[in-house]
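Now for the letters of each chain:
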Amino acid sequence: MTAGDGRSRRRRTHRAVGYIPEDSFLHRLDPRTKLLTLIVISIAAFATTSPFRTAFLFAFVVGLAVAAGLARPFSRSLLLLLPLLIFILVIDGLFPRETWGPVYFSAQVGPFTPEVTLGGLLFSAAMGIRILVIGGMSFLFVMTTSYTDFVAGLRTSRLPPVIAFSLGYALKSMTALTEDLRNIMDAQRSRALEFDRGALIKNRRKLMALGIPMTVSVLNRARYVTEAMQSRGFASTPKPTCYRPPRPGKCDVLLIIVLVVSILGIAILPV
Amino acid sequence: MTADAAIEFRSVSFRHPASRAARLREVLAGIDCIVREGERVLLTGPSGSGKTTFLSCCNGLIPHARPGTLEGDVFVRGRNTRDCTISDLAATVGMVFQDPDHQIFSTDVVGEIAFGPEQLGWPPSRIDRAVTDLLHLLRLDHLADRQTTELSWGERQRLAIASVVVVRPAILVLDEPLSGLDAASAAGLLDLLGRLNRESGMTIVLSEHRTELVASWASRQMTLVDGKLAGDGKPSVPCAPRLSTAPRRAAKAASAGIVTLQDVTFRHPGRETPALDGVSLTLYPGEATVLAGPNGSGKSTLLKHLNGLLRPESGRIAVNGRDIRDATVAEIARTVGLVCQHADYQLFGETIAEELAFAPANLGAPQDVITQRIASVREHLGIGHLGLTVSPLALSVGEKQRVSIASVLTMGTPVLALDEPTLGLDPGAKQRLAGVITTLCAGGKAVIVATHDAEFSRAVADRIVRIERGRIVGDRRVPEEGV
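From first to last, the protein sequence lines stand for chains A and B. The first sequence lines up with residues 270 to 540 when you count with this note's numbering. The second sequence lines up with residues 293 to 775 when you count with this note's numbering.
Rather than coming from a laboratory, the hints here were simulated on the basis of the structure. Treat the hints loosely; a few may be bogus.
Said to hold, decoys possible - Sample of chain A residues facing chain B (criterion: CB under 10 Å; computed from the structure):
# : residue
1 : Pro320
2 : Asp418
3 : Asp455
4 : Glu463
Backbone N, C-alpha and C define an ideal beta-carbon position, used for all residues, glycine too.
Between the sequences and the hints, there should be enough to build the whole structure, so can you do that?
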């Protein structure tokens, strides 16, 4: 593998998931609107086993990403779902919970009886697309919602500050972890450790060289943030002020309308 | 209780839990002192002497957040810290941590500053006024709409201070706030702290290794050694022994360069302004080059180009005359060793011995060579007393930094690049490191050091290259007699 390949891999790691500071309409939305959209889309995806309905839901999510000008980072983030996607397609394709139509393959392998049918294939496709819908919408949420906005949104929804800040920190950690991983890989590459050759998972030294500094970094970061927040009076009053509460605007109303119409449209699809 | 006491320590001792290395367990031993209202206290002492622990006692992090045993009592404006929570003390004592990245958790500048007042329940209109006034006072107005991740180290340091000062605490405690700042930024920060002290009578306690910058600012100096108060009085200038200047070597500029950058330009992803803009530079064997410049000028970016961690958008980089465009980082590491800024990102070995052997083993060095290099590096960097079987993760910040440097030195590369190597080092450790660099150069190696530490720079530099906004704006050799 050339250095260039290694470089591009590093960039993918760096930018795969995390908040992207831009000024798209998705960024400007009230974080509660985005959270509501994520929840509604996820429920809708779970409520159907039709590959066509889930495909329409996925089209809705892709439409949001394209409209926000985030098509490239969005498609890169979906690559992270590839291993899970393949696993679900194989398992649900061979051992579907719904099966009907012509049988293309059937066998007895020990105690298992894998069977490939038309209905099973459609079911596994629906399950795969479901992953893309929920994962894709979650990634869009992470990419367009800053920690500050998210916490403000949760606090305005009267969530206890401890829960609001904990959820906000979890969101922020996704960005921080990829940054830490990049820095740790840089430090170890500088000591002549080759990450680009051989399987990482099979090499104990490489795993240790990444895993231990990552663990230390995660634990330290949690401690530092806790101490910094306490040192600045966190939870010193029962009702802390929300300095800049998010306020829903026209775009929020428009998205909710489009969401409701789309869900209703998908629900009455003749499939 | 003395009437004008801002902070009072009464027979204070602190021990870390048994999980820490034995010699690190007792970090404060029988401290008795009073810091009076309005004082500007400089807290000094070697790495691991207990400065951070002392400061952590002032705002209640000890005993409430840090594991360990506290004996004695600490009073803050008459209140025993045992009887109040950290949050209760937040309106009285503001704490600025050593690394701004450990403190800043919001994504935008205003949100970060507003956090403290929000937690104290201030009405939005009051928060608005306080944030605006403070941004103006700290000359941070131009950063109001910025994301915290976009700020340079110096800007983050100022933001960290702003986010604490905004609630106007009566006492401000700062842990090495000048580390990582260039001389101008450090002077600006001290000027700001002086104004806060004069205008609002704020008591300020500040720990710092760069005592030459702070001695004239402080009204009192306290020195900790091995957890004990070894000195308390008027600050002396200079407070620490000055680093001895290396005997100058004849410049090797006439010989062929070992690393050459030609018209290198680089832009970070998503940024329009280049981090490096047409940089040309040659490093020569036997020469120590100091890379100077303000925070965010491109020093770290330049160093990461030397071993291929970053690749130029345009321009050419050659190591030993060979273009490194298609070489992997590991291949380049045979010639260029790079010490990155944060030791915690690097250390992972179960023992110091494992950590020091890691890089030369990656290069395929024979065991006897590795053993010999480890012995030599330990002796020269003064880390022999740490032993080889101790976990590097159990060390103090300064010790981790030295082990991190040592773990690259054992590679024995012809070129050594160091990014802010003096962060967290006390004067003694800095002196040893300066000696190591001088020895390496005398042995024909090329060394490049990015540093804000003017004293360290004077001690090691054969040549000073100044970089500003990604461009080299100065390149001069240091005269034989000194700077």
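Evaluation of the provided hints:
1. Pro320: violated (36 Å)
2. Asp418: holds (8 Å)
3. Asp455: holds (5 Å)
4. Glu463: At 4 Å from the nearest chain B Cβ, glutamate 463/A passes the 10 Å test, so the hint holds.
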